[in-house]
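Peer 1: This is what each chain is made of:
Number of protein chains: 2
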Amino acid sequence: MKIEKILNGIVKKNENKILLVVMDGLGGLPDPETGKTELETAVKPNLDSFAKAGMCGLSIPVLPGITPGSGPAHLSLFGYDPIEHQIGRGVLEVLGIGMEMKKQDIAIRGNFATIDKNRTVIDRRAKRLPTEENRKIVEKLQGTIENIKNTEIIIRTVKEHRLAILLKGDNLSPYVSENDPQKEGLPLKKIIPLKEEAVYTAEVLNEFVERVEEILPGMDTNAKTILLRGFSGIPDIEPFEKRYLLKPACIAGYPMYKGLAKLVGMEVIDGLETIDDQIQALKDLYSDYDFFYLHYKKTDSAGEDGDFKKKIAAIEEFDEKISAIKHLKFEVMCITGDHSTPCLLKGHSWHPVPLVIVSKNSLSDDVDRLTERACAKGILGTIQATSIMYLLLANALKLEKFGA
Amino acid sequence: MKIEKILNGIVKKNENKILLVVMDGLGGLPDPETGKTELETAVKPNLDSFAKAGMCGLSIPVLPGITPGSGPAHLSLFGYDPIEHQIGRGVLEVLGIGMEMKKQDIAIRGNFATIDKNRTVIDRRAKRLPTEENRKIVEKLQGTIENIKNTEIIIRTVKEHRLAILLKGDNLSPYVSENDPQKEGLPLKKIIPLKEEAVYTAEVLNEFVERVEEILPGMDTNAKTILLRGFSGIPDIEPFEKRYLLKPACIAGYPMYKGLAKLVGMEVIDGLETIDDQIQALKDLYSDYDFFYLHYKKTDSAGEDGDFKKKIAAIEEFDEKISAIKHLKFEVMCITGDHSTPCLLKGHSWHPVPLVIVSKNSLSDDVDRLTERACAKGILGTIQATSIMYLLLANALKLEKFGA
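These protein sequence lines map, in sequence, to chains A and B. Under this note's numbering, the residues of the first sequence are numbered 723 to 1126, in order. Under this note's numbering, the residues of the second sequence are numbered 723 to 1126, in order.
Please note that a few of the clues may not be correct.
One copy or two, it doesn't matter: identical chains are merged, so the pair holds either way.
In silico lysine to aspartate or glutamate, EDC-like type, Cα no more than 16 Å apart, as pairs [claimed, not checked]:
| hint | residue 1 | residue 2 |
| --- | --- | --- |
| 1 | LYS739 | GLU963 |
| 2 | LYS1019 | ASP1029 |
| 3 | LYS1099 | ASP1087 |
| 4 | LYS724 | GLU806 |
| 5 | LYS825 | GLU1038 |
To be clear, the hints were calculated from the coordinates, so they are not data collected in a lab.
Full structure from sequences and hints, please.
Peer 2: This is how it looks when you write it as structure tokens:
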């Protein structure tokens, strides 16, 4: 991004504190019966009071029309270009179940699959075996295979037929081909190096698959082999603290968001199960950090379920909880979502996300409700999500003048 | 553009149909007497009903302040960056008169000019000879010169002193210099190759000019030679169907717009003389395509003439005609212009263009009129014209999630 050319020279440290509240999947679409969106229907005096006090707008997560996954959507909010910094599928799978990942590690998405004796793929999902069965197999595999050619292999159940695998060792490379033929009725492929540097990794992985195929026939399961794809290492992202001179804390409950925060170098607070835990942590840790990322998951989950009532209830629950932080002094507070998740579409969407920034160092507007259509008329206009972080820094007076 | 880095991985085919209506030169400026723009004055219940049903905004054709020609303005609407993909002047001249152009062909703009016996240019426009005279000379030239050094030469009248020339053959290159000295009183220049690969093309062109100068003195005309410029080949543009997985039809009457549609790989429906023909074609071909580009010319022509009444009449005529398609089911329909053509300026302008998108998969706003000032308050805000195509795809649910 363009701002990276000048940021380093203008960012400065001060005492001011920033709170970034991400209500996951915040934006929605109208219920066909009422003509009102989830946000337009929910009763949320506290959230609306922030909209009234602050400046409002809409935020485009990636580009107009583009529906982002959680990874790119969060990178944008954290001020990094999500197209320049693409996070591999393997990395997201590993982060999503809370595995720790270090530089040099290679993350992989795996599927249990069924093959015949000629190694032709019969079922790419091993008849979607139950998660419990997956767990048992993984326990057996992990007990037998710990290490191949000096590379440590860590295997974890995701759910049903899905696995996450982490390779830990020296000289590993993600530039290897998949063994998944993509279609049933085709033979399993050999994993081959796509770059010179990946010869060793391909050897490790081919031996891993061989070992798995020796062990599985001895178990009562449709899983006969393992399909491997999404090989990826940790993306090269400048850490938050170095980039913004902030000491950041991640106040999230779900592994995926903790993982994403860790990717950008935030300190992740563990053991936060409920929104009450999160609000308490925010109070307890108030003095220890100067940037807080607070993630609320339920709005997205309800949207994915297509459940209007549940999403409205999730908004109203959060509205009640957030009142507890009104007495904490954040020089700048932002409430937004990483993307929209309209109940009507039962999934993430491309629609710009409501956004409010409360700061005494900017002009407020006459928007007094945190809704899609009200925020569209706000003074911030419709902006790129990647701009938000810089507006927060500016409002916290942490950006010096550019040029003389 | 950035989106090109991810588009290929997320675009998908489905049954939904998209209609893009381009009212050429749509936006305007106020009549000094009434203080109202053409769109604010016209009575157009159908267009306003689309504005009411849909989401509104303004679109910037190229960049703020930049007045585009039809070429760049249309490339933007089709989702291609008009600065990255510049279309040569020769190509536009050739497309504008409906000539067919293939890969490897070189298009050229030509002028008839008057020279003296030392080949000094006396009049760069040969006293703007009448179009009829131009036609007679072209007929004679084309009858005599068909082929030079195995390159086919196609010569066509544009109007007055202007010509379009197409070279068809192997090993042609546009990298040659002009023979036009740009100023009268200077000698005609020799065409020289600007790259090694263009040696042959320069030879062909110099011989062409020589042959023309042998033939013209035998005719009763001020045209004594031909000035050649704007040498250009077809730009390398990823075809619409491959890029968007759409089957597109161009429903336009004028050669220029048919040519531009052909450049991006649309199927061009021929023989459409009137807007009635166009509307009928849209109905007849409804089942055969999933993307329709409907072009309406009269709004622009009236703007170029500076004729308020005529532009208002053009808007009202289209408003009446468009009602006939209301029963056709387009999941997504967009009405906009390629650029503004205010009567006040008698030409294209840089002003953002009114835009409405009708889709059940997005939030409508409270704008209920298709005018410049009403659309400026719409929920879409002011966006780049290049974003429109991606919003149409998103609303037609043709874009999958980016990242996990």
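Peer 1: Each of the hints needs a verdict: does it hold here or not?
Peer 2: Going through the hints against the structure:
Proximity of LYS739 to GLU963 under the C-alpha cut-off of 16 Å is restricted to the intra-copy arrangement: shortest distance 14 Å within a copy versus 48 Å between copies. For the identical chains of this complex, LYS1019 and ASP1029 are intra-copy neighbours only, at 14 Å inside a copy versus 47 Å across copies, given an alpha-carbon limit of 16 Å. For the identical chains of this complex, LYS1099 and ASP1087 are neighbours both inside a copy (9 Å) and across copies (10 Å), given an alpha-carbon limit of 16 Å. For the identical chains of this complex, LYS724 and GLU806 are neighbours both inside a copy (12 Å) and across copies (9 Å), given an alpha-carbon limit of 16 Å.
Proximity of LYS825 and GLU1038 under a CA criterion of 16 Å is satisfied in neither setting, with 40 Å inside one chain copy and 61 Å between copies.
Checked against the numbered hints above, the structure violates only hint 5.
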